[in-house]
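Asks: Letter by letter, the chains look like this.
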Amino acid sequence: AQSVTQPDIHITVSEGASLELRCNYSYGATPYLFWYVQSPGQGLQLLLKYFSGDTLVQGIKGFEAEFKRSQSSFNLRKPSVHWSDAAEYFCAFYNAGNNRKLIWGLGTSLAVNP
Amino acid sequence: GAVVSQHPSRVICKSGTSVKIECRSLDFQATTMFWYRQFPKKSLMLMATSNEGSKATYEQGVEKDKFLINHASLTLSTLTVTSAHPEDSSFYICSARPPSFDEQFFGPGTRLTVL
Chain A
1 AQSVTQPDIH
11 ITVSEGASLE
21 LRCNYSYGAT
31 PYLFWYVQSP
41 GQGLQLLLKY
51 FSGDTLVQGI
61 KGFEAEFKRS
71 QSSFNLRKPS
81 VHWSDAAEYF
91 CAFYNAGNNR
101 KLIWGLGTSL
111 AVNP
Chain B
1 GAVVSQHPSR
11 VICKSGTSVK
21 IECRSLDFQA
31 TTMFWYRQFP
41 KKSLMLMATS
51 NEGSKATYEQ
61 GVEKDKFLIN
71 HASLTLSTLT
81 VTSAHPEDSS
91 FYICSARPPS
101 FDEQFFGPGT
111 RLTVL
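Protein chains in written order, with our numbering: chain A, 1 to 114; chain B, 1 to 115.
Derived from the structure by calculation, the hints contain no laboratory data.
Careful: at least some of the hints might be erroneous.
Ranges between beta-carbon positions, derived for each pair [said to hold, decoys possible]: (1) A/S18 / B/K14: 47 to 55 angstroms; (2) A/G62 / B/P8: 31 to 39 angstroms; (3) B/K42 / A/S18: 26 to 34 angstroms.
Chain B side only, calculated, beta carbon under 10 angstroms to chain A, not exhaustive [to be verified]: (4) Q6; (5) Q38; (6) K41; (7) K42; (8) L44; (9) S95; (10) R111.
Here are the simulated lysine-lysine pairs, BS3-like style, with alpha carbons at most 30 angstroms apart [what the hints assert, rightly or not]: (11) A/K49 / B/K42; (12) A/K101 / B/K20; (13) B/K41 / A/K68; (14) B/K41 / B/K66; (15) A/K61 / B/K42; (16) A/K68 / B/K42; (17) B/K66 / B/K20; (18) B/K55 / A/K101; (19) A/K49 / A/K61; (20) B/K20 / B/K64.
Idealized CB from N, CA, C, for every residue including glycine.
Only chain B is shown next, with the shape it has when bound in the complex (with noise of 0.2 angstroms):
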């Protein structure tokens, strides 16, 4: 069970084009889902929490207009990274929380390089 997926797993776009990423929890409703950037070799640097039909709440530092998060329902998650520019390329990666729960369940990732 706690199983997240995350589509696509690998993109590659134009500069100046928008990517949407998807991140659905498969067989648990999250309430709470965190949206998370990997650069090579380095940690896990939070972009955003998201609760269902609310607004995100994103971290000092980034764009919100840039970095768009939508989370529509108890199971999905969207990260629309628009007008996407070759420093944008990384390593995207979503988790996500059921209610009362104190563990995070984290997706495979999504590989963005922007040409």
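Looking at chain A on its own, in the form it has when it is part of the complex (with noise of 0.2 angstroms):
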């Protein structure tokens, strides 16, 4: 079955420090895949997206994830962490079906402390 897995579902950080969200995949065959951040109030805003190529992508906001094929991971990282950083992440990709439905994860609530 298709399937993402976010393992945390709530994470907290202290502002400066480093983070990474995890996402993992189920599917048959390289997805392509996305993370999406929801502040609160906020709409869905794209943070990067992986379709092929290099397996490091950058995104917004200083984020970056890795896809690694042999671990089913497109994890997502940040080098220092910003209070305005604290929100609702969402791991996601895209199936091969027709009109190409997200299958997302349940999300990773990430609280940051002063």
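If you follow the hints, you should be able to join the two separate chains into one complex; please do so.
Replies: Set out below in structure tokens:
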């Protein structure tokens, strides 16, 4: 079955600390992978995406993610977290069927301590 | 570019009434639009996929007679919640995808509260 697993429901980090949010997918081929962020009261914003090529992708707001085929993972990282990064983070991928529906993880809620 | 708007952003209605939510792609044509529902602290649940000029495809468990979707033009899709009840209260999000494009662009969402 096609699925996305975000093992960490909630993470708390201190401002300035590094961050890694985990994402594992289950899919029979190389998927199109996405990370979205949803701030309180805000819409979903695309942080970065991976379709092909370089497995380390850079996104907005200083985020990056690395696609590891052998581990079926697409973990999101940031070297130094800012208080404004507190939000809900969603990993997702496209299936290959009609309409290319996004398959979503359950999200990781990030809290940032001052 | 690639802006999607939703209207209204918030709506409060009485039980038994119908509510229409609009989703517009402002600067591109969207052959496909998606409607999601998001519960508090939960992920997005895809409700239906709509292609311009054809009937929407509903996900399993979504009542098509309750959640009416119309995608009458390449820039507008509407979701009508008919005979709304308190359990329909939720955050509804639409997204739009341009033709031959692999990314969806999301609207800001509509908070529906049914009293």
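Asks: Taking 30 angstroms as the top limit, are the C-alpha atoms of B/K41 and B/K66 close enough?
Replies: 24 angstroms, holds
Asks: Against the 30 angstroms threshold, does the CA-CA distance of A/K68 and B/K42 hold or violate the hint?
Replies: Judged against 30 angstroms, a Cα distance of about 26 angstroms means the pair holds.
Asks: Taking 30 angstroms as the top limit, are the C-alpha atoms of A/K101 and B/K20 close enough?
Replies: The given pair, whose Cα atoms are some 24 angstroms apart, holds under the 30 angstroms limit.
Asks: Is it true that the C-beta distance of A/G62 to B/P8 lies inside 31 to 39 angstroms, as the hint says?
Replies: With a Cβ separation near 34 angstroms, A/G62 and B/P8 satisfy 31 to 39 angstroms, so the hint holds.
Asks: Next item in the hint list is B/L44. Is there a CB on chain A closer than 10 angstroms to its CB?
Replies: 5 angstroms, holds
Asks: Just to be careful: measuring from the Cβ of B/R111 to every Cβ in chain A, is the smallest value less than 10 angstroms?
Replies: Hint holds; B/R111 Cβ to chain A Cβ min 9 angstroms, cut 10 angstroms.
Asks: Under 10 angstroms is the threshold here; is the Cβ of B/S95 close enough to any Cβ of chain A for the hint to stand?
Replies: 8 angstroms, holds
Asks: For the hint on B/Q6, just tell me whether its beta-carbon gets within less than 10 angstroms of chain A.
Replies: For B/Q6, the interface hint holds, since the closest Cβ of chain A sits about 8 angstroms away, which is under 10 angstroms.
Asks: Within 30 angstroms, alpha carbon to alpha carbon, are B/K41 and A/K68?
Replies: With a Cα-Cα distance of about 28 angstroms, the restraint between B/K41 and A/K68 holds, given a limit of 30 angstroms.
Asks: Sort out whether A/K61 lies within 30 angstroms of A/K49, counting only the CA atoms.
Replies: 14 angstroms, holds
Asks: Under 10 angstroms, Cβ to Cβ, is where B/K42 needs to be relative to chain A, so tell me if that hint holds or is violated.
Replies: 7 angstroms, holds
Asks: When you check the alpha-carbon spacing of B/K20 and B/K64, does it fall within 30 angstroms?
Replies: Answer holds: B/K20 to B/K64 is near 14 angstroms, not above 30 angstroms.
Violated hints: none; the structure is consistent with every hint.
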